[in-house]
Each structure stands twice: as structure tokens, then as C-alpha cells.
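Q: Listed below are the residues making up each chain.
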Amino acid sequence: MRRSRAIGVVVALVLAACGGGGGGGPATVVTPPTPQGLDVTPCLTQLVAGRSLASLVVPDVVTLDMNQPNGFPNGRRLDDPVIDLELAALFLDLRQHPVDILARRPLNPGGNDKVTLTVFPYLAEAHGGAPAAVGGSGFVFRTDAPSAYTRVDRGGEPAVSTVLVSGPFKNAFNDGTPAADANGMWVAEFTATLTVLATQFRDDFMALGLTPCAVPRT
Amino acid sequence: MDLRSLRLTAVAAVTALLVAGAAASWFGRSADAADHLDPPARTNVGANSDVAADLADVFIWNTATTVTIALTGAGPSNPGLPGFYDTNLVFIVHLSNDGNPATDEATIDIRFGRDPMGKFGVQFLNIPGATGPIVGPVQTILTDGPVVKAVAGVFDDPFFFDAQGFNESRATGTLSVRNDRNLFGGRNDTSFVIEIPRSAIANGTMPVTIWAEARRIIP
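So the protein sequences, as listed, match chains A and B.
Under this note's numbering, the first residue of the first sequence is numbered 1, with each subsequent residue one higher.
Under this note's numbering, the first residue of the second sequence is numbered 1001, with each subsequent residue one higher.
There could be a bad hint or two in this list.
Simulated restraints on C-beta separations [claimed, not checked]:
{"no.": "1", "chain 1": "A", "residue 1": "R95", "chain 2": "B", "residue 2": "I1141", "range": "43 to 53 Å"}
{"no.": "2", "chain 1": "B", "residue 1": "D1115", "chain 2": "A", "residue 2": "L47", "range": "29 to 39 Å"}
{"no.": "3", "chain 1": "B", "residue 1": "N1078", "chain 2": "A", "residue 2": "M206", "range": "20 to 30 Å"}
{"no.": "4", "chain 1": "A", "residue 1": "V215", "chain 2": "B", "residue 2": "T1065", "range": "20 to 30 Å"}
{"no.": "5", "chain 1": "A", "residue 1": "H97", "chain 2": "B", "residue 2": "T1174", "range": "17 to 27 Å"}
{"no.": "6", "chain 1": "B", "residue 1": "R1114", "chain 2": "A", "residue 2": "P146", "range": "19 to 29 Å"}
{"no.": "7", "chain 1": "B", "residue 1": "I1141", "chain 2": "A", "residue 2": "T218", "range": "57 to 67 Å"}
{"no.": "8", "chain 1": "A", "residue 1": "G110", "chain 2": "B", "residue 2": "G1145", "range": "36 to 46 Å"}
In silico contact screen, one side only, chain A against chain B (beta carbon under 7 Å); selected entries [stated by the list, open to error]:
{"no.": "9", "residue": "G50"}
{"no.": "10", "residue": "V62"}
{"no.": "11", "residue": "T63"}
{"no.": "12", "residue": "I83"}
{"no.": "13", "residue": "P106"}
{"no.": "14", "residue": "K114"}
{"no.": "15", "residue": "D153"}
{"no.": "16", "residue": "F169"}
{"no.": "17", "residue": "N174"}
Honestly, the hints are just simulated from the structure, not real lab data.
This structure is a prediction, so every number in the text was calculated from the model and none was measured.
Using N, Cα and C, we set each Cβ at its ideal position, and we do this for glycine too.
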């Protein structure tokens, strides 16, 4: 247990340090209730397109460097195979495999079932046909300040809330902010959930001839 | 049954069929791997789901002169269903360009409204590079000058993923993802797309960060 706590602290600090400096203050460190078998620290600290995996998921925002080529994880285009890229980043040793190794196969569907447009609005027409534009004028909108509304959902990077946050914490995570993320509020939860998934899928990836990034604890 | 109830019932029915074809316990708990149907206690609870406020995916990319932002949600819904234009919601897009993602240098507020005939319109406030609010009908490309564009409406869901396979993988512990099965194929979202001048958000070599939230007026 003592070793588990120490690893949790290390991961928390790594993740918080990669969080873009938001909010200031020390990281919130909670002992992760992770299984004892695997250590996912190498997954969280490995580089994905020049950034650590931890910095991609903490805080939960999409980052675009406009001076670099576009494409996930630098921004996100409509056709980017984000799930296969993220699965590789989460579970595979990227010193041994390129991050697009699953996207090349592909593991999931290789693309959208409709061709996106080359001009605005870029999204493909709705299945079943585009709804007719029916016009209108003199629209009336609510004027309440955003603070008068209650948060229902938040979104940033794909798969953060849905994959790295377990059921009991979903609402709380979605009520959070990038500032809280950057302070390490969800580090223990991300670590615990990733450990469960890495344990589940380890033998499957190895059977595919792929090297997992999670390593057995020694 | 009013139109909203009908929509929710239809979505609930679709969801029920999907769950029946997969492992219900996981689907209901963890949804899929973008942000559809998440958080499930609010957006994936059958007829009581807040479908209209359910964000799916956030996209951002740039060209030499423009930055494009897309926000999808309220899906995946079956072809033919109308958009979820809920006038009691505000969608907020948070943009930061100072190197600290925890701060906002711009926030775009998006609301739906209705005209006296009951037709739905959309309002975009605080779009960087725009001269003022952008207002007009849904399913219509709205412009402000030569570069700024905005639209809200029903479009193809661009996400692709074998959610059923991932579901089964979680349930069985055996990786069962297939590349010939896409839960989001043939389905739509209610989405927003905004295009702005790159110069309106660029800050030297600093990256731009983006996240979004959906907020509801609770009576």
C-alpha cells in the first residue's frame, strides 16, 4: 500500500505539472484505489506527438498549435481517427510502436461513413437528407447570464470523461473545470481507471504482437 | 405527446435497442468513447435523458487564415429526427490563447430561440472577429463579413467508433473491437460550426485551447 501511495503521488505530480499551469496551488493527491498488478505511469508519461499523454488529458481541453500541422492530438479534424490514436496512446508502448499503429490496421472503423465537405460547414449532410431551412425572423432568446444556468455536460478531449472517469464520478467530473483538472483533482481517478482497462486488455494487445505501456509492479 | 416528448421517446427507443444489442450494464454506465451519452446519469437515462444538452465532440483546426470550431451533440439520432433546439440551454465555447488553459480569453455563448411563428433560430454571442451577435434561422449559414460564418442544425455525426465492440470488451475482458461496425454510422447530431479569422484568436506562438459546456435553466 505504501508503494501504491508513492506511485500515486508521482503520477499526480506529473499530471499536474503537465496541466498548463492553470489555477496554481498544489496538486490534490488522493491515494488511487488501483489494482496492484500493473503500473500505468509509463503510459501517462510517454510522449504522443511531442507531448506527454498526461498533458493531453489534463486538463480536459483540446489544444491547437496553429504553427504545427493540424490533426489530432494537435487540434482535432472531423476525420481524425481519434479513438484508435487514443487507444494506442493509452495502452501501447510508443517507444516500440508508432501512435498510429492501431489506426493503420484499423482497429476501429477507419473513417466516417459520409464524406465531409471541403467547404463550410464541413460536416456532411444529415442522413436522411438535410432538413429544410425554414427561415424566420424576430427570434426571441433567453437573456439570462450563463451563471444562471446549471451545468449539464462538458467536453474537451475525446474519451477523457467517457473512458477515464468511472461511473460514480461522472457527474462531478462534468461539473468541473480545466482549472480543477490542472490542480490534479482527477489524477487518481484517471490512474485507477486506466489501470483497470490496461489490466483487462493487456493480454489482447500482446496477442496482437503489441507491447503494452503498463508494466507489472515489482 | 408534444414534439419534444416524441423526440425523447424516439431517442429512448433507439437507445434501448442499442443497449439490447450490447452489454447493457456498460452502455448505461460508460456510454461510448467520445462524449455522447455522457454523463449517463443526466444524458442517458431513458425518457428522462437531457438529450439536448448532451455534448458529443469538440473539433478545432486552422488554415493559414481561418480557425474552425465544430461542436456536436444531442446524438447519435436516427435519420429524419428534427434537431434538438432547446431554448432553455446555453452552450458555451471556452477559448484560451495565453498558454494557461484554465483561463478564458474568449467565450462564445450559443442559444436557441423561436420567432412569433414558432420557427427556431440561433444566436451566437462574442464570436472572436465578429462585429456583434450573429442571429438567424437554424440550418442556415450565417455570416458576418467575408470570413466569419456560423451555423446550427442537424448534420451527420462525424464520429466513428465500434462502441458495441468496446462495450463487449469491457464486459468480457477480451478486446472485441471491429472495424466494420460503427455505432455512429447512419446517424446525426445537432451541431454548431463556427469559422473565424485566425488573427482573431492567434497570440504569437501560444497554442489555442478549447473546451465546451452545456448549461440548462432549472426552473
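Q: For each hint, tell me whether it holds in the structure or not.
A: Hint by hint, here is what the structure shows:
The given range of 43 to 53 Å is respected by A:R95 and B:I1141, whose C-beta atoms sit roughly 46 Å from each other. Distance hint check: the CB atoms of B:D1115 and A:L47 are about 52 Å apart, inconsistent with the given range 29 to 39 Å. Taken as a hint, the range 20 to 30 Å is violated for the pair B:N1078 and A:M206, whose Cβ atoms sit roughly 39 Å apart. Checked against the given bound of 20 to 30 Å, the beta carbons of A:V215 and B:T1065, roughly 46 Å apart, lie outside it.
At about 21 Å, the CB distance of A:H97 to B:T1174 agrees with the hint of 17 to 27 Å. Taking the beta carbon of each, B:R1114 and A:P146 are about 20 Å apart, inside 19 to 29 Å as hinted. Between B:I1141 and A:T218 the beta carbon distance is about 59 Å. The supplied range of 57 to 67 Å therefore holds. About 38 Å separates the C-beta atoms of A:G110 and B:G1145, a value consistent with the hinted range of 36 to 46 Å.
Interface hint status for A:G50: violated, as the beta-carbon distance to the closest one in chain B is roughly 12 Å, over 7 Å. For A:V62, the shortest C-beta to C-beta distance to chain B is roughly 5 Å, which falls under 7 Å, so the interface hint holds. The criterion of a C-beta within 7 Å of any C-beta in chain B is met by A:T63, whose closest approach is roughly 5 Å, and the hint holds. The interface hint given for A:I83 holds, since its Cβ lies 5 Å from the closest Cβ of chain B, which is under the 7 Å cut-off.
Evaluation of the A:P106 hint against chain B yields a held restraint, the C-beta minimum of about 5 Å falling below 7 Å. The beta carbon of A:K114 comes within 5 Å of a beta carbon in chain B, closer than 7 Å, and the hint placing it at the interface holds. With its C-beta approaching chain B no nearer than about 5 Å, A:D153 sits inside the 7 Å limit, and its interface hint holds. The restraint placing A:F169 at the interface with chain B is violated, with a minimum CB-CB distance near 9 Å, outside the 7 Å limit.
Because the closest C-beta pair between A:N174 and chain B is about 5 Å apart, less than 7 Å, the hint holds.
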